[in-house]
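Letter by letter, the sequence shown follows residues 4 to 390 of this note's numbering.
These are calculated hints, taken from the structure and not from any lab test.
Quantities reported herein were computed from a predicted structural model and do not represent experimental measurements.
Among the clues, some could well be false.
Below are the BS3-like pairs computed for lysine-lysine, each with C-alpha atoms no more than 30 Å apart in a straight line [to be verified]:
hint, residue 1, residue 2
1, Lys-350, Lys-373
2, Lys-350, Lys-112
3, Lys-244, Lys-373
4, Lys-143, Lys-112
Per label pair, the in silico range of CB-to-CB distance [said to hold, decoys possible]:
hint, residue 1, residue 2, range
5, Ala-339, Ser-36, 44 to 54 Å
6, Ser-332, Asp-102, 30 to 40 Å
7, Glu-82, Glu-276, 23 to 33 Å
8, Ala-53, Lys-373, 31 to 41 Å
9, Gln-179, Glu-82, 21 to 31 Å
Positions of the beta carbon are idealized from the N, C-alpha and C atoms, including for glycine.
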Amino acid sequence: MWWRRSLGFAALVAVTAVSAGIETAAADDDVDSFFEGVDGPQAYVLSKLASHRVVLFGESHWVADEVELVAGLVPLLTEVGARTLAVEVFPAAMQEQLDRVVGGDEWDKAGAVAVLRAAEMPHGEYLDVIQAVWRVNREKGPGSLALVAMGPGPDWRESLPPGENYETFMADRIRQALEERGGSVLAHMGLHHAFTRYVQPESTQDGRAWRFMVRTGNTLWWKMGEAVFAIGTHHPFQCRKDDAWEFCLPFGGAIDCAADGAGQSALAFDVAESPFADLRFNSQVIYAAGYPDLRFVDFIDGWIWFGPIDELRQTRVIPLQVYAPDEDSLAAVRRANPFDGDELSQKDLESLWLDQSEGRTRPILESRWKDVPSWRETCGPPAPAAE
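Working from the sequences, and respecting the hints, build out all of it.
See below:
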């Protein structure tokens, strides 16, 4: 559009923020001058690994763009001193199996799928991550890059010793990798586990905080300080409306409108160094419970915007005959299918698998964030061209 390269950043953020009832500091930067200096997601994560011991990459889950980024980073990790990729969704009980797969002379797809089956994770992009690590170790030598299964597993409440929980377990796995392998660690986990300076509230039904959670990132940051860097990904937040939780665009769409209006593709930036730093969280956003004046800069260190939110892609489902190729594995998946946990007959499991496979080809707003309206409607009218 004619206005994409001339839209003033201050005007855009102000229009969007005011319409959403969000406070924002004055922003005089022109949108071009800010966005022209930012990195793409891959270069950004690599730069943080080169300057930090631990980089926590907090995904929103099941978005293909996020996991594809991690798989694409794998061949480059050792070049910036990273010796370990730690992944939450892989259960630690499968570490020996995972070591055999990524250290094998030949690619063992069935062995890698067995790890995903134990993780109840039938998503193809995570299989790509395992294969990418195997390739690195084949090309650069055995043990060049470790793949650490960081998750305590679905039965962690029963299996972990007293005094240990999901978060401390993952923090310990990361610290152990640092001690044994040296270098830096890229830890791929859900966003909520990656919080460092920000302490996440638990919310009651009325949206008020009743206690606060100590996450993996909190534990690491309290011990390691600025050696830990947390990166989040752009996705809808949970917001309270009419006594129910729905989804809403972060900061009323200010980032979405600015980035798309400038014709940007995927980008990443330090929140503190961006003109978005002082954007305030609306009081109805779940993260603001207990924080009357929470700013973006208080929330996370780095942020990745993969593109217009309606263009994000969902992870693909591994075919059932590949995910459960024999009678024993199929029986296990039938007893606790990875989509809703319910025991199903063979016919019902096949039907559910087909529905999930087809559903993930539809727009992500339709299937995951259906409460989010057409986000471009929040951007307001275009600003006039500069004279």
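Structure-based check of each hint:
Between Lys-350 and Lys-373 the alpha-carbon distance is near 29 Å, which keeps this suggested pair within the 30 Å criterion. At roughly 26 Å between alpha-carbon atoms, Lys-350 and Lys-112 fall within 30 Å of each other, so this suggested pair holds. Note on Lys-244 and Lys-373: the hinted pairing holds, with a Cα-Cα distance of about 14 Å set against a maximum of 30 Å. For the proposed pair Lys-143 and Lys-112, the alpha carbon gap of about 20 Å is at most 30 Å, so the pair holds.
One distance hint, 44 to 54 Å for the beta-carbon pair Ala-339 and Ser-36, holds here, with the actual separation near 53 Å. Restraint check, Ser-332 to Asp-102: a C-beta distance of roughly 21 Å breaks the suggested window 30 to 40 Å. A hinted range of 23 to 33 Å for the beta carbons of Glu-82 and Glu-276 is consistent with their spacing of about 24 Å. Checking the proposed 31 to 41 Å range against Ala-53 and Lys-373 shows it holds: the Cβ atoms sit about 40 Å from each other.
Checked against the hint of 21 to 31 Å, the C-beta distance between Gln-179 and Glu-82 comes to roughly 24 Å, which is consistent with it.
Of the numbered hints stated above, the single one contradicted by the structure is hint 6.
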